[in-house]
Amino acid sequence: MTAQEGGYTPEQVERGATRYLRGMKAVVDSLDVPVGLTPKEVVWTLNKTRLYRYVPTRPPEERHPVPLLLVYALINKPFIFDLAPGRSFVEYMLGEGFDVYLLDWGAPGVEDRHTTFDDYVTEYLRRAVRKLRRVSGADEISILGYCLGATLAVVYAALYPEVPVRNLILLTAPVDFTERPAGSLSMWLEEERLDLDRLIGAFDNVPGELIRTWAKMLKPAENFVGAYVTLWKQMDDAAAVHGWQAINRWVEDVIPFAGAAFRQFVVDYLRGNKLIRGQHEVQGRRVDLANIDASLLNILAEFDHLVAPSQGETIMEAVSSSDKELRIIPSTHVGIMASARARHKLWPQIAEWLAARSGAADV
Amino acid sequence: MSEKGEEKEAGAQDPFAQMVQFYDDWTRAWAGAMSETVKSKGFADTMAQQIEGGLSAARLWRRQMAEVMEQSLQQMSLPTRKDVSSLAERMTQIEMRLDDLEAKVDEVLDHLKAG
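Residue numbers (numbering that gives the first Met the number 0), protein chains in the order written: chain A, 0 to 362; chain B, 0 to 114.
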């Protein structure tokens, strides 16, 4: 039978099958694709947490004196900042002359089930910042937090105003749960729908696979089918396939969420909405967002299905920073860091904003 | 040739391209409807019930396994999961105390250097 008669020639079927097999191989290989390749050294460890310093690529005289600390969420791994050469935010910022540090929380084990959300600030982030300042010799620092990492950065900056955080950059920071949009994770985690005691009692730590499934279910067509169709369409572009693999690995390479941390985040931050209301206390100290006076760049994604812009906007009024800016960009929760648009538009904007505020004269 | 024409041509040569085309058409028709479904209270409630069922089974299985394992390990004089995690917790506490000590030493050194 020929294609003209409505079927396919054996060559066409073979070509299609070969492409299909290549696609399958690309999916399987994606789970081991090399990521996080920018050279770095460990400068501090505590439990599973690691503080990395990336090897600078610019000579000292061309570097900004204020170091930049990247803080990622407690879900997935932080190599979203350093996916692959040419697609790495870390690599880009090094090239722009920043001294870049990354806090990697590691994967909690059963022994970490009692670690609360606030412990990540008081026991880990606080110590990591101390070490960073020691290693870098800098007094002031900049912090860029992404997703829950941004929430942790906000709590840190509010709780320790004595530590000079000069610049605070928030990417998709969930801080205000007054609005819980339909079809959002916050709606699914409401008290009448999720018994936290039973969840944590069953697993100790919340399995990463469960959180990943929740996140994917929010956009089922796009996540369960669309992602693979995107790969199919890019099959003839090796660089695009590699980029897809790196992102797919990041999506699939999940870690558990420490049980007590998950409980506290859901009860106090989400259901209680204590942070934006100024009712949250850590070790007897109120977390007052008005203590934050750092220059603030708050970036939210218009099409974010995990953190609605309404959940990140209101911090602008709560802080006392005189230099603050809110940008809502047409992107998604992951696209804000990992898309081509991010590489070409947002990263340069972040670097420009930060460079203007990282000069030696103000140190 | 227009972009659509090229896609059609590619589709004629690649049987799997038809599946891609089907997905694109399907997405246009149904993805919106699916998004609306997952946004509904009914979907959230149904999912909550399914998770609840799964948790009950997981908890029961885990408890039974833990009891069997704990008894077996104790009979063999081997540490249990609880023993190991307790030890790991203590090690983290020690690490934190060491870190605090290091911070104090740094402070003293700075003080001595200053003068």
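Please keep in mind that the hints were generated in silico from the structure rather than gathered at the bench. Any given hint could turn out to be false.
Taking lysine-lysine and the DSS-like style, the derived pairs with C-alpha atoms no more than 25 Å apart in a straight line are [to be verified]: (1) B:Lys38 - A:Lys215; (2) A:Lys47 - B:Lys40; (3) B:Lys103 - A:Lys130; (4) A:Lys47 - B:Lys103; (5) A:Lys76 - A:Lys47; (6) A:Lys130 - B:Lys112.
- So which of those numbered hints doesn't the model satisfy? 2
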